[in-house]
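**Student:** Residue numbers (this note's numbering): 1 to 43.
Possibly wrong hints are sitting among the right ones.
Now the in silico label distances, taken between C-beta atoms and shown as ranges [unchecked claim]:
#1 A14 to G40: 17 to 25 Å
#2 A14 to E41: 26 to 34 Å
#3 G40 to L4: 26 to 34 Å
#4 R39 to A11: 12 to 20 Å
#5 W18 to G40: 17 to 25 Å
#6 A2 to D29: 28 to 36 Å
#7 E41 to L4: 24 to 32 Å
#8 G40 to S12: 30 to 38 Å
#9 E35 to A2: 16 to 24 Å
#10 E35 to V6: 27 to 35 Å
#11 T23 to G3: 12 to 20 Å
#12 Q36 to M1: 15 to 23 Å
#13 P24 to G3: 29 to 37 Å
#14 G40 to A11: 28 to 36 Å
If you're looking for bench data, these hints aren't it; they were derived computationally from the structure. Here the structure is a predicted model, which is why all the values come from computation and not from measurement. By construction, the Cβ of each residue, glycine as well, lies at the ideal position given by its N, Cα and C atoms.
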Amino acid sequence: MAGLSVYLGHASVANTYWYLEATPVLLRDIAAASEQLYRGEAA
């Protein structure tokens, strides 16, 4: 969560958490993109 917060440029992890809690679809999309990046499949 801290890494995502820094990546998104948020000043606080709480700000990142709020966005993820408020939009479950965003969390799913972030997880999918992270998996692709980890596998080297990201464009």
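**Student:** Hints first: check each against the structure and report whether it holds.
**Tutor:** Status of the hints after comparison with the structure:
no. : hint                   : result
1   : A14 to G40: 17 to 25 Å : violated (32 Å)
2   : A14 to E41: 26 to 34 Å : holds (31 Å)
3   : G40 to L4: 26 to 34 Å  : violated (19 Å)
4   : R39 to A11: 12 to 20 Å : violated (31 Å)
5   : W18 to G40: 17 to 25 Å : violated (31 Å)
6   : A2 to D29: 28 to 36 Å  : violated (20 Å)
7   : E41 to L4: 24 to 32 Å  : violated (19 Å)
8   : G40 to S12: 30 to 38 Å : holds (31 Å)
9   : E35 to A2: 16 to 24 Å  : holds (19 Å)
10  : E35 to V6: 27 to 35 Å  : violated (19 Å)
11  : T23 to G3: 12 to 20 Å  : holds (19 Å)
12  : Q36 to M1: 15 to 23 Å  : holds (19 Å)
13  : P24 to G3: 29 to 37 Å  : violated (20 Å)
14  : G40 to A11: 28 to 36 Å : holds (31 Å)
In summary, the structure is inconsistent with hints 1, 3, 4, 5, 6, 7, 10 and 13 from the numbered list given earlier, while agreeing with the others.
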